[in-house]
Amino acid sequence: MLPVFWISGNYYDSQKYWHRIVSTLGKEVNVEVLFCGYASQDRTSFNSAASDVIKLLKNRDLFDDRPRIIKLKGIPDDYTLITDYLKLCNNDNVLVIEGPVGYKAKPPRKRFISAASSKFYKTIKSKGKLLVSETEVKTYRQAEEWIVNVVKEHKKNLEPEAATLLMEFKGKNLDVLYGELTKLFAYVPGKNITADQVKECCVPLYMSDVWEMLDNLDYADYDKAMLHLQKFYRFAGVATGTTFYGDVMKLFGALHQHYLFLLLLKDNCGKQITADKAKEAVSGLFKKKKEKDGSYSWTNPVFNPKFVSFNITKRTTNSAMRLNKRKIYSNMLELDRCRVSCRKSSNNETKIKMILDSFVMAACGKITVEEAVMIR
Amino acid sequence: MQSVIGEEQEQAVEVKLDLKLEITKETLVDVLDGVYQVSTNGIKTEFDFARNVTINVVDDKVEFITTNGHLDARWVIDKEMDNKLLIHTNGKVTVEIGMIKGICNSLGGSGSDTHVFSVSVKNKSLHIVDLSAEKKEGQKKRAQIETSYKNHVGLTFVKPKNPKTTIKFDTDMFCDGISSVKEYASDQQYKEHYGMICLRLLQNRTEMTAGCGLRFGIFSYKPTNMNDVPEEPENAKIKDATIYLFPVPQAKIITNIIGDDAVTFYFKDKTYYYFECGNLTAVLKGVPNLDYIDYWRHATQKDKALCIVDIKKEDLNEAVALIGSVEDNAVTEQGVFHSCNCVYKEGEKAELFVDEGRYQADITIPCEFYNIDTDKYKDEYSWEYLNDTSGACDKTHVRMYCLSSGIIIADIIDREEDEKDDRGVPAIKQKDDYAPKMRFFFGNVNK
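These protein sequence lines map, in sequence, to chains A and B.
Residue numbers for the first sequence follow the numbering used here, so the first one is 1 and each next one is one higher.
Residue numbers for the second sequence follow the numbering used here, so the first one is 1 and each next one is one higher.
Derived by calculation from the structure, the hints in this document are not laboratory data.
Predicted model, so just to flag it, every value in this text is computed and none were measured.
Don't take every hint at face value.
Keeping only pairs whose Cα atoms sit at most 20 Å apart, straight-line, the calculated SDA-like set for lysine to any residue is [as the list claims (entries may be wrong)]:
id	chain 1	residue 1	chain 2	residue 2
1	A	Lys55	B	Glu333
2	A	Lys289	A	Asn300
3	A	Lys87	B	Thr332
4	A	Lys71	B	Gln188
5	A	Lys55	B	Ala330
6	A	Lys73	B	Gln334
7	B	Lys191	A	Ile54
8	A	Lys58	B	Asp355
9	A	Lys87	B	Glu356
10	A	Lys55	B	His338
11	B	Lys191	A	Asp65
12	A	Lys55	B	His193
Please model the entire structure based on the sequences and the hints provided.
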């Protein structure tokens, strides 16, 4: 076997593979890092080509007897030239490639060009070693197992509810989840991580107000719903990379999902909500996902099982089940009308706030839907 | 003379600068050439005040000050240096060096080196007038440049009080050394110390070394005055050796700006070098505090040679030229260096050959093989290293000490044919104790 490794996938597992390779070579290792490809965010970085890699493979340092690891961050666009020189790798001259199997085309093109069908890749696959981990897992169960594993390796404990919350909010992308976990490890002083700490640390400032607002809408508690809505206005669009309009759209998404969930429960569970009935109620709904070959698949459930289990226990859900179906449906329609209006006024923050205020008033019964439409 | 350019604000302050002086063209152009070398080369990354010169007239002296962020330099002109120097009014002004140099070079035309120029500031412009042409020939020859609102701030030219090492170099030898070895330094960014020229000071000689990790060139000479440095063994540990590193771009600039017979360096520490040469005072600051390698570990291992091979310069040149002619550019562009096999056998000619690839060659050349511990030596070496060795040979022979580790130490020598050691190896002729010597050592190709 040639000591050539290709590490790709999520950051945490990639680092584990890397450390394992380094530790195999002993205590003293000389690591030479070459940055390859076009890193669009850093135009000042030295972009190495295949010739630089080959030069390193053929050269040695007379004054450094340590085993050497040549670490490539990404691959150069002329990587195929390196294939014939892989034979120069040995236990004192190890090649490690860290990055996806391919490279980004030269700017301004943004295309990713795969190397999976190249002789270079196939040589490493057959004679070296591919260390591939997932960036995004398929199911929430797999995500949860991964989270639990990482937390254990950091010698901490995570409440099941905290894991659910993390996945509900951040999804199944392992890099995103790891980013949140590192924040939690720094934030939480003790060994145990709770759902409240996840809310405090990982959830945007406005999110908790959104959840509170949802609960108060279900109770038709206008004063409290408006209070949380005002808090949402204060924090929406503040975080780096977010906009007020973007966060409002996310709010609409959360509200829509909430009402859809209530409707499904209403249709299928009757007055008695059980976990099995609830899961069966939502089992037929899937999200559309574009695959790598351009086709679409319908495998991701709209409501993940953890979300269902968590929400059916909430008293606000049970309270909302007392609302008649017509009211829930009316709220959903009103929500869609508001969403369309907001889209037309995406740059007008004042108008958007007025639209949301009118929605809350209508949802809590302070005004009729017709009056809300007239206000807008 | 100290000059602290004070803590001026970098704002557009309306300051009336009345600077006025008269100076000969030759003096002005000479100084501006040096200023240009410093301010337009080796510029520090994100240093936004390069390519400028500050002219500071103080009492009876004129200072020309510039920096590229790493190397600060100041030239002082007084009446002794230019007897036509006349100071009318003190003042300070900063202008773009490219512009003032171009103007001064061309003003007055050819054969006008002895002309006297008037340099003055009026209304935020620097005026340069060829006084000699105007007075003698009645011709108007003048130009003006907009001045900068900023001046070089915070540059100090203060000799270190207790420098770690003070050393005076013969300027020619210093420049020869830097020029000889600078091309062997590495341009690869991942090993910063190989981008430096290493100056090692021993009591009986000075060495300048540069290399890329696989090949090193060493220029050494015996100074006319012994180096005033602590005694240290030849094979000292790196931390005990008297070593100073010069980044190659800055070293090149220094060789271009020093004139005169001697340059004196005051090494404050490994990061701050102050030097004086004639009317030039300069400071090289921010030198990376790196450890170089103890290159003498391999360079002095001649006693461990398995064999010694002497090849005449012209024969080696011929062989290297042939091997070089079959270089496959398509392959070398991929980063693979052109290499050849070298075979040295007792009693036979030396053979160099390329037997792989589209283009091949094979040549045998006369050599003298001295068996120390083996009757045959064969290994593969980069053609570039052999070519550089033969190119640097300004004597009759190249002597190669072939080590078991695959390293060759190559000395450039003249031989004493009548004087041989107990192994039969001709002694090296020492024409002049103070003559510089060039030596290389390089490793074999990784196969």
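Problem - Hints not upheld, ascending by number - result: none
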